[in-house]
Structures are given as C-alpha cells and as structure tokens.
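S.K.: So the chains spell out like this:
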Amino acid sequence: MHLAYPAVLAALLFSVGLYGVLARRNAILVLMSVELMLNAVNLNLVAFDVWLRDTLHSGQALTLFTIAIAAAEIGIGLAIVLAVYRNRGSSDIDRLRDTAETDEAETLPDDAEADNAELPHGGGNKDDGNDENSGKTKKAEATT
Amino acid sequence: MTLHTAPPVFIAAAGDHPGFLSPSGVEIAFLLVGLATLGAAVITVTTKQLVHAALWLVVALGGLAVEYLLLTAEFIAWVQVLIYVGSIVVLLLFGLMLTRAPIGRSPDADSGNRWVALGVAAATAAALVWVVADAFRTTWIELDGPAQGSTEVTGAFLFRNWVLPFEALSVLLLAALVGAIVLSRRRDTDTTVRPGTNGTAKEEQS
Chain A
1 MHLAYPAVLA
11 ALLFSVGLYG
21 VLARRNAILV
31 LMSVELMLNA
41 VNLNLVAFDV
51 WLRDTLHSGQ
61 ALTLFTIAIA
71 AAEIGIGLAI
81 VLAVYRNRGS
91 SDIDRLRDTA
101 ETDEAETLPD
111 DAEADNAELP
121 HGGGNKDDGN
131 DENSGKTKKA
141 EATT
Chain B
145 MTLHTAPPVF
155 IAAAGDHPGF
165 LSPSGVEIAF
175 LLVGLATLGA
185 AVITVTTKQL
195 VHAALWLVVA
205 LGGLAVEYLL
215 LTAEFIAWVQ
225 VLIYVGSIVV
235 LLLFGLMLTR
245 APIGRSPDAD
255 SGNRWVALGV
265 AAATAAALVW
275 VVADAFRTTW
285 IELDGPAQGS
295 TEVTGAFLFR
305 NWVLPFEALS
315 VLLLAALVGA
325 IVLSRRRDTD
335 TTVRPGTNGT
345 AKEEQS
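So the protein sequences, as listed, match chains A and B.
First residue of the first sequence? That's 1 in this note's numbering, and the numbers climb one at a time after it.
First residue of the second sequence? That's 145 in this note's numbering, and the numbers climb one at a time after it.
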C-alpha cells in the first residue's frame, strides 16, 4: 500500500477536526473535534510504524499511549464542561468571556435579545433567580 | 520492446513498486473506508443536531478502526473500538445529556467565526496534503509477512521495551480519574462563600 493514502487521509481528518474546533460553539462538540484530530495523529503513527518496521514499534506504543491520554482528556474535559454548565447554565464557549478585556465582548449577538444588554453599564446586581441569569450576573460583575 | 518502457524519469520516481493507477485490493478497501470515514467526520463537525454528531463520530472512529485493521495493526484496532467507540462516545453522549443539549436541530451549533474556521481548515488541508503527497508519493508500505501489530507482537514490545511509560500511564489515568471525580462532585457542604459572587446560593437551590 502506498504510504500516501493513510498520510493524506490523516491530514484531511486533522483539517476536519481543526474546522470543528474553530467553528463549533458547544464545548462538547469541540471535544469531539479534538478527538478527530487525535485520531488523525494515531493513524499517522500506525501507518509510519508499519512502514518503518522498527523493532521497538514506537508508533504503535505511542498510539496506545495517545488513546489512553485521550480517554483521560475527555474525562477531565467533560468534568470541566459540567462544572461550567452548573455554574453558568450554558456550555457555549463564546459566552464564557469573563476574562475578555474589551467591552465588545459583552455585545454578543445571542445576548442581544436577552435582558442583559445593559448589564455592563451597571445592571450587574439584577437578580432574576435562575441559573442562567446568575451566570450572566457574575459575568457582568467580573467585568465592571 | 522499447516502445513499452516508461520514460526514465518515471522509473526513477516510481522505484520498484506499482503506481497509483493499478491499486491493489487493500488500497481500494482503504480508499473506500477512508472516504466513508472522512464523510462521517465532515458530518460530525457540520451537523446541527448535537446527538447526531456523536453518533456520526462513532462511524468515523469505527472506520478508523477498519483502517488500522487494513494496516495490520489488529490490537490497536480493537483498542480503538473498545475505548473510543465503547467508552469515549458514551461519555460524550452522557455529557450532552447532562448539559441538557437540545435533541432537535439547534440553529446556533456553529459560532460566528465559521467562515474564518473554514478558511483556516482549508489552508491547513491544502498545505498538509500538498506536502505529504509530495513527500510520500513514492513510498510503499510492505504489508506482507507476519502482522505488525498482532496481540503477540504488541504484548512483546509493550512489556519488553515500553514498561516504564506504560506504568507511568497508569498513574496518569489514576490522576485523571481522581481529578474528574473531584471536578464533577457537587459541593453541597461547601460553606466557603466566595466574595463578590452569588453563585453558591444558586447552586444549592438547583
């Protein structure tokens, strides 16, 4: 088999995963795209190991290690996403802008229809009683 | 006889392996499964339904397991099926459920920088495919002989040459397990109120 087949397939899978990481909004979908990128690397490792035929089989050993590390990463990542969801009521990545330094971070298109369009100007203590608004309230307090 | 010989440039470039125009059966199978895998991956990152994305990810990862089998890495193929398809996708589905992801079509699955992401991904794909295809156009994997990644071979090299990283990996998995439990534990008895936030009271209500 030509080495070009698995190498090109791995490159294309990596690009698809890169698109998913950059374009997705939900954090769990971003984690799925990261899994696609890791799998592209695994395919490269296996293909080059089978091609090189070294006695240590470094590629396959590293593939096993990568799979285990990916499992650990997805566990920790999902725990973090769940903690963020419990605190903020949302798992959308581009709404988590507490550490953004500019005011234009608050003028997201999805926040426009919500009631917190005036929050950066002093509505930070508004209390509506559910989780989503408490997260936004904390965000506003963190930025003011 | 000289009419049928290829130009010397082609011989020098092609070496002693067949070209792309006469693919073997393994190559055809690899190509078809690769196309299915790539299509499933594209659907995974573009679909509007979040649960369908996880299910298409199963197809993509299973296709990659078949690719490993075609590359004679049997053990890694079954590890892929067990860990990725068996546990990671299930974990992702649990995550989607626990964050109350919408079941139907969600129009805001893609963020605003979608076209920038498309441009970056297309540029990456073009550069990588160009470089890789140019570099490995004439390289040939010899798949004959004993399997490179059977369970016997894998056990031999893993526990003869890679024992120490393997044990370190078990420590890492233990640390990840403890970390995930600590992170996802609900802090009901947490009495330390962080100053400036009112989040802890809301946590106790929910």
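Hints are computed from structural coordinates only; laboratory data are not their basis.
Mixed in with the good hints there might be a few duds.
[Said to hold, decoys possible] Cβ-Cβ distance ranges computed for the label pairs, FRET-style:
#1 Ser231(B) with Glu101(A): 38 to 46 Å
#2 Ile69(A) with Leu165(B): 21 to 29 Å
#3 Gly248(B) with Asp94(A): 36 to 44 Å
[As the list claims (entries may be wrong)] Calculated from the model, a selection of chain A residues having no Cβ within reach of chain B, i.e. all distances over 10 Å:
#4 Thr63
#5 Arg86
#6 Ala100
#7 Glu101
In this text the structure is predicted, and so the values were computed from the model without any measurement.
Here a beta-carbon is modelled for each residue, glycine too, at the ideal position from N, C-alpha and C.
S.K.: The structure should be examined with respect to each hint, and the outcome stated for every one.
M.R.: Verification of the supplied hints:
For the pair Ser231(B) and Glu101(A), the supplied restraint of 38 to 46 Å holds, since their beta-carbon distance comes to about 39 Å. Ile69(A) and Leu165(B) have their C-beta atoms about 40 Å apart, which leaves the hinted 21 to 29 Å range violated. For Gly248(B) and Asp94(A), the Cβ-Cβ distance of about 22 Å falls outside the hinted range of 36 to 44 Å, so the restraint is violated. The Cβ of Thr63(A) sits about 5 Å from the closest Cβ of chain B, inside the 10 Å cut-off, so the non-interface label is violated.
Chain B draws Arg86(A) into its interface by the beta-carbon criterion, the shortest separation being 7 Å against a cut-off of 10 Å. Non-interface call for Ala100(A) relative to chain B: holds, since the shortest CB-CB distance, roughly 15 Å, exceeds 10 Å. Look at Glu101(A): its CB is around 18 Å from the nearest CB on chain B, clear of 10 Å, so calling it non-interface holds up.
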